[in-house]
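These are the residues of each chain, in order.
There are 2 protein chains.
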Amino acid sequence: MGAVYGGVEGGGTHSKAVLVSAEGHILAETDGPCTNHWLVGVDNCINGINDMVQRAKIKAGLDPDTPVCSLGMSLSGGEQKAAIQKLIDDMRERYPKLSQSYFITTDAIGAMATASDYGGIVVISGTGSNCKLVNPDGTQVGCGGWGHMMGDEGSAYWISHLAIKTVFDARDNLVTSPHDITYVKKAMEEYFQVSDLMGMLPHLYRNFQKSHFAGFCRKLAEGGDAGDALCQHVFTEAGRALGRHIVAVLPKVHQDLFSGELGLPVLCVGSVWRSWELMKSGFTQVLSEAQAHGYSHFQKYSLLTLRQSSALGGAKMGAQNAGASLPLDYSANVNMFFSHTFNQ
Amino acid sequence: MGAVYGGVEGGGTHSKAVLVSAEGHILAETDGPCTNHWLVGVDNCINGINDMVQRAKIKAGLDPDTPVCSLGMSLSGGEQKAAIQKLIDDMRERYPKLSQSYFITTDAIGAMATASDYGGIVVISGTGSNCKLVNPDGTQVGCGGWGHMMGDEGSAYWISHLAIKTVFDARDNLVTSPHDITYVKKAMEEYFQVSDLMGMLPHLYRNFQKSHFAGFCRKLAEGGDAGDALCQHVFTEAGRALGRHIVAVLPKVHQDLFSGELGLPVLCVGSVWRSWELMKSGFTQVLSEAQAHGYSHFQKYSLLTLRQSSALGGAKMGAQNAGASLPLDYSANVNMFFSHTFNQ
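Protein sequences, first through last, are from chains P and Y. Counting from 1, position 209 in the first sequence corresponds to residue 1184 in the working numbering; the numbering is continuous, with no gaps. Counting from 1, position 29 in the second sequence corresponds to residue 1004 in the working numbering; the numbering is continuous, with no gaps.
Accuracy of the hints is not assured; some may be wrong.
Same chains, same names: a pair is fine if it fits in one copy or spans any two.
As a list, the in silico DSS-like pairs of lysine-lysine whose alpha-carbon atoms are at most 27 Å apart [claimed, not checked]:
#, residue 1, residue 2
1, K1227, K1275
2, K1056, K1161
3, K1194, K1161
4, K1161, K1227
5, K1227, K1140
6, K1140, K1056
7, K1072, K1061
8, K1161, K1255
9, K1034, K1072
Just so you know, the hints here were simulated from the structure itself, not pulled from any lab data. No experiment lies behind these values; they were computed from the predicted model shown.
With the hints as extra help, turn the sequences into a complete structure.
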């Protein structure tokens, strides 16, 4: 058996693990639940990761007691140095047969590593949201990624919250809703199984689960697709919010990233991007406004999506960290779904 | 010994208990920590209440094994029917010597019962915020009071959050701060004992304590008093937010409440009101705008503050619920600190 490298993509709702050969071939993939340690705690996080990787070993016909060469993890919530060091220390101690070496990066960087080795902007909108610019020289500039208490603008959590808050504010006569709330209120009562606003309190506090709360976004996407104006409104606002994250890092984008064939490459990660058509007007408007106000070298941008889990980029970075180089076919890993050239 | 009635004021940070004689005299008062069951859980809530009331009995020279006639509790978070019934059932079962009967109302209604039996508007801004209109006929209309995940606008939590979010957004280049962030950033690092924004994550998630988070508001008040523009800005915004709660219930205010000597009586409860001077411009502006846009019978309003704990109003309502009537001297229970007559 040749060298095997593991990778993990850890999201706020779902996770994935992948095993890759030295030639860059995928040997096995497995799925698991949320492994964001801020949301589920360190124990659940590392148990979940171990479980996925061990199942992948068995699926690939490997001995589960033989550690992989490296495990590179692309984790939502994988930013704070002290916290990720603790994760690695705990994994090493508790699961000595898991891997020979460990590497943790953020979900944004893992996604970028899956798509390109040249850089670009990653905008994540899944359960939470985050934006990261990676320049060709490897330098990074972030915006967001602070979680639902301090950001997550444009994420599924944020969209769900915005819609529900609109219902609360309308009931309170505190803010007038821009559109009829009937559909959203009814969808909320059905999704959360409540009969009034008071019933929402346990979902917001005692039994709060970010992933479940954010899941309401799917119902709003359905409403938006079916023509409900308030659902469409919250997605337009989400598009605007995600666009603003890109505008926030624009001043730090290296000149070379603007000049490729795609224009500025924006890698869009997370399930909310499936509702691109609902977000498009808000998103494109914010970018056009920014371009018009002083970014004359910003003439085109393209939105890309991953065809592979960012666990693959995690595996690549984990291998790199262990001194190995995994050859990835980047062009096979991405898809372009939207491109815009500004009027000159 | 004559009949003794107990009252409790339960806040998001502090709580109080009071014992009152049938003549309305205060026999003893005690203090305790947060008893908001949404924040500390049912067990801590009822243990805290029992502890305060039993200490009050001893302080008043009463036998702690003799139940008081009634216990009326004015609780932040005391709105949801099913939840308060569970609190009462648990208290009755676990502490049979505490009281013969139980009654729970919200902090807003308990405060109003302490100030008046004629009604008015209560605006609470402590750890959280809430607004309740009580009309002379006893009917109630609320705005807010949904907690930090869905409201709390204008509260200490909200003010702290707004200031900190301004620092995060400035760092991210996501939103430009209206004023220099230096003071707020430094005060945040000192108060939360962190050296960067990443260090705030445990305070927002794993170790989040609403009361501690909201306590940062005191540092912002100090900054505002010392002339820091961003601190002053967040309090002006808080004044605006609290004013908007009043405007939200204005359409439901009974005509008679406008026509007393004080004009519309607004009872202001909670520690944030101590920073009234910092909030005044935002608050008065919102009310003046609302008055100018169609409330011609709204000619004057007065802001009142309680000189007694709303545990007293809780005791009154608990006694009432048990068939007794406690005589309270309302005029001795309130203070007017601001009054405004609109230009005709």
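Here's how the hints hold up against the structure:
1. In this assembly of identical chains, K1227 and K1275 lie within 27 Å of each other by CA distance solely inside one copy; the values are 17 Å within and 53 Å between copies.
2. Taking CA atoms no more than 27 Å apart as the test, K1056 paired with K1161 passes between copies only; the shortest distance there is 22 Å, against 43 Å inside one copy.
3. Taking the closest pair of Cα atoms, K1194 and K1161 come within 27 Å of each other only inside a single copy of the chain (11 Å); across copies the shortest separation is 42 Å, beyond that limit.
4. In this assembly of identical chains, K1161 and K1227 lie within 27 Å of each other by CA distance solely across copies; the values are 26 Å between and 44 Å within a copy.
5. Taking the shortest alpha-carbon separations for K1227 and K1140, only the inter-copy value of 22 Å comes in at or below 27 Å, while the best intra-copy value is 34 Å.
6. When the C-alpha separation of K1140 and K1056 is checked against a cutoff of 27 Å, the pair qualifies only between copies, where the shortest distance is 22 Å, while the shortest distance within a copy is 34 Å.
7. Only within a single protomer do K1072 and K1061 lie at most 27 Å apart by alpha-carbon distance; the minimum there is 18 Å, versus 48 Å between protomers.
8. Only within a single protomer do K1161 and K1255 lie at most 27 Å apart by alpha-carbon distance; the minimum there is 26 Å, versus 39 Å between protomers.
9. In the homo-oligomer, the alpha carbons of K1034 and K1072 lie at most 27 Å apart inside one protomer (16 Å), although the nearest pairing across protomers, at 62 Å, exceeds that limit.
Going down the numbered hints, you'll see the structure goes against none, and every one checks out.
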